[in-house]
Amino acid sequence: MAEFIQYLVAVLNLGAIYALLALGLVVVFGQLGFLNFAHGDLMTLFGYALFFMIGWHTPFWLAVLLAIIFAGLCAVAMERIAFRPLRGRSPMTLLITSFAISGALHVIFQVGISPRSKPIPIPEFLSGYITIGDVFVSRAQIFTVVVAFASLILLRLFLAHSRLGISLRASAADFDVARVVGIQANRVIALAFFLSGALAGVAALLWISQRGAVFPALGLTPMIKALIAAIIGGLANPKGALYGGFLLGALEATLLFLLPDNLVVFRDAAVLLLLIIFLVFRPNGIIASNPEPMR
Amino acid sequence: MSEQQETLVQDQAVAGRDDISASRAFFDQRSRECLISGAIILPLICAIVAFSLLTNIAGRELLMLGCINIIAAVGLGLFSGTSGILSLGHVSFFGIGAYVTVWFTLPPALKSFLLADMPAFVREAEWSLPLALPVAILVCLVIGAISGLVIMRLRDTSAVIASFGLIIIAYLVFVGAKVLTNGKQSLYAIPTEYATWPVIVSSLAVALGAAFFLKSTKAARHLEATRDEEQASRSIGIEPQINIFLFWTASAGLVGLAGGLYAHVVGVISPNGFYLEKTFALVVMIILGGYRSISGCAIGAIVITFAEKVFRNTEEYLGSFAGTETIFGFEFPLVFGLTAISFSILILIVLYLRPEGLLGYRELAVLLFKGGGSSAVQSGQLATPGYKVDIRRSLETSGLSKTFGGLSALSDVSLRVDAGEIVGLIGPNGAGKTTFINVLTGNLFASSGTILVGGQEATSWSAVRLARNGLGRTYQNIRLFTSLTVLENVICAVTVKSPALSRARAQKRAREWLALLNLEDKAAVLASNLAYGDQRWLEIARALALEPDFLLLDEPAAGMNSSETEELKTLLSRIVRDFGVGVLLVEHDLKMVMQLCNRIYVLNKGELIADGQPAEISTNADVIEAYVGEEGDEEHYLGE
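If you read the protein sequences in the order shown, they are chains A and B. Residues 1 to 295, numbered by this note's numbering, are exactly what the first sequence covers, in order. Residues 296 to 935, numbered by this note's numbering, are exactly what the second sequence covers, in order.
One should not assume that every hint holds.
What the hints assert, rightly or not - Ranges of calculated distance between the beta carbons of each label pair, as one might list FRET restraints: (1) A:Tyr7 x B:Ser693: 47 to 57 Å; (2) B:Leu405 x A:Val265: 42 to 52 Å; (3) B:Thr777 x A:Val264: 45 to 55 Å; (4) B:Gly478 x A:Leu258: 17 to 27 Å; (5) B:Ser743 x A:Arg163: 40 to 50 Å; (6) B:Ser742 x A:Gly33: 25 to 35 Å; (7) A:Ser117 x B:Gly478: 18 to 28 Å.
As the list claims (entries may be wrong) - Each computed DMTMM-like pair below joins lysine to aspartate or glutamate, with the alpha-carbon atoms no more than 25 Å apart: (8) B:Lys817 x B:Glu752; (9) B:Lys473 x A:Asp174; (10) B:Lys683 x B:Glu651; (11) A:Lys118 x B:Glu572.
Unchecked claim - Partial pick of chain A residues on the chain B-facing surface, computed with a CB cut under 7 Å: (12) Pro91; (13) Leu155; (14) Pro260; (15) Val264; (16) Val265; (17) Phe266; (18) Leu272; (19) Leu274.
Note that these hints are calculated values from the structure, not bench results. The C-beta atom is built at its ideal place from N, Cα and C for all residues, glycine as well.
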């Protein structure tokens, strides 16, 4: 029983982070039809922003808030500088562009900041464990689950009820029609990128709160898994990102519990392999992006 | 002599002349371009290498790495260019090729030190490189085939991400499988003396030969067709998955060969050498050169090899100041990553300014020798032996329905087309005519009802199977293979219909189809550059080249002027008369339908409301009601 609760917390914990990341990817995909490879670097950008602000003695929560906004603005800047000149080109071109941007950012982090990890002091209340009956659960994990679900609910409310959120959904459903009814493409796309950056920031906060450091390739591993999770969920629908993210979380937690210690190094490889094999059976994801597959 | 006999005699005359030209040219245009490009590039590379060695411009190692980069880039470009899926995962094959060759060539004494736990028969092996390379290629082909089973099901973004997943998996396995790779530590003292010029150059020749050969095949043309317009490619009977699988696997083998050579040129390998930086380098090579062309990939590899050397030298030069010099009061930083960031920026520059790369997606031969091949076909002549549809063939639907969600687009449509007749399908906008064609040709699933092709139950057949069993179609919104020439568009269908036909003969037959539709002087034009009316003609040519029993035309006259419409009428009558094709004509030009069709069906709101002879239809009250009711203020022609 104790193990099961720990397992459940691990699933929710990992799943929530991947779902946030995958959501960020899908929000942009809905507008421009490509998956942003530099999404992981937005996590890293959040991490460095947090690192420097804490270094300047900003209170932790203010620093977190500012860093999330910073990550969102970085995403907007990325769109403005790199993707907007390529508007209208094939998704493949945009994908490769984001791949190149990600590579450039890696080097900038390495040379401009440091190739080594920078420690981020985590507030007292996030370290340590609490006990529920006879079960130990790390506070950071509980924090993650709470924050992630709060963010998901906030996002849901935003998309469902705010004017901006509705225009975002309309534009994702049909870009051209949305423009015809007067939704400004550039504003909606900027909004999508801001949301995606902010979601990456929240995910990075949760990721870092359990690891306590930031380094140039911080975002790489979570991002590649989130990319595949997004595809597995189905790119057409934000719900798909949730399914994909939690499926991935469940898979990873299961392998973590099942794999013997000497094979744990292969965990990520096995997770990726299983995800890719899953795609063989449902190439269009759990929520198929194309409801009418070719016969 | 009857008209048919006359045609036959002319056919024989044409065929006789063709025998002579066929013996002169076994190749079609595509193979000739590939052959000539290969014949230019290989000597060109050898000349660059020899010149650089003699003049000492570049060292031996750099030149060898250049050749290896060419092999790898050509391998990657072969898949990515042909399929349009830019793979980020091929460096994993590069790594596998490197490790596998090294297992066999590393001295046993060293292996029992570095890789003590590996299987004994490998540990004791001490092979030469030419012996180990085929093993590495084989391993890469096998792993390529396994991963190809996944990739072939994915498209666009999903395929790229999956390929990126592959490189991450490979990296993690390289690091984790300490028994075979020594983990993060490197394998060193790899016998570099094995990497001799004969080995390198013959590998290069094999790789270029294989790549250009594969690019010249009909499989490559079919895959390019799928890349441009998958739905249309399926509608002429091209099965996309097998071609993606084939090219993925073959390119894995080529990149593996490059990896095996690489290990023996540099002498030290570690997982980090087969990861993101190498991926960037390969991607920048093929993007820079223009990744749809093999020549482009090779030239991109040459340029990037030298550029990388310059970047690295600059890095080292700047690095020598690190910590010792100051600029503006700051200590000079240790510069690294200059190469990586230059590659990133280079990719961005190419994508912004010239996305089709240096060679503009064209092979060298095309750039150097402009102009198409000779046209030996007389206008209107057709030598398609045996294309005569069995008069008993029929295409039938009964009770065919299609719902989208809760919306009924077609309900209970029963219709029949016999060989040798033209049947019209008309109805107001939104009546479900295109949906009907899409269900009938396998682009959509039927919700209920049956489709019979020649009496055979075909309701669940795929678009590919239907196309191969005699259903040809055109699209209302034209779907051509835009990056192929007019001629190649038609060859695609010819080679599906007659796979055994030699390349030259397939090309000749395609020219004959073009001649029939008065397109032969535009054979060498890219399909995307055709005028709108000609695009419609080309779609019909492509569908006819499949030699279908039934031709389903979705508003072929849309956008045609009146003289073109007249030509279309003549053509349709002719193909029905000459080949006995059954035509299902969906058309808004009611005058044309009334004149051409033997029978007419009328669809309204997804239901058949009338069928019969043109004269009956034009006086049918329901039909008039449907048209007038829908578009009351427009003038309509419903017969004389």
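Hint by hint, here is what the structure shows:
no. : hint                            : result
1   : A:Tyr7 x B:Ser693: 47 to 57 Å   : holds, 55 Å
2   : B:Leu405 x A:Val265: 42 to 52 Å : violated, 24 Å
3   : B:Thr777 x A:Val264: 45 to 55 Å : holds, 50 Å
4   : B:Gly478 x A:Leu258: 17 to 27 Å : holds, 23 Å
5   : B:Ser743 x A:Arg163: 40 to 50 Å : holds, 43 Å
6   : B:Ser742 x A:Gly33: 25 to 35 Å  : holds, 29 Å
7   : A:Ser117 x B:Gly478: 18 to 28 Å : holds, 21 Å
8   : B:Lys817 x B:Glu752             : violated, 40 Å
9   : B:Lys473 x A:Asp174             : violated, 51 Å
10  : B:Lys683 x B:Glu651             : violated, 43 Å
11  : A:Lys118 x B:Glu572             : holds, 23 Å
12  : Pro91                           : holds, 6 Å
13  : Leu155                          : violated, 23 Å
14  : Pro260                          : violated, 13 Å
15  : Val264                          : violated, 9 Å
16  : Val265                          : holds, 4 Å
17  : Phe266                          : holds, 5 Å
18  : Leu272                          : holds, 5 Å
19  : Leu274                          : violated, 10 Å
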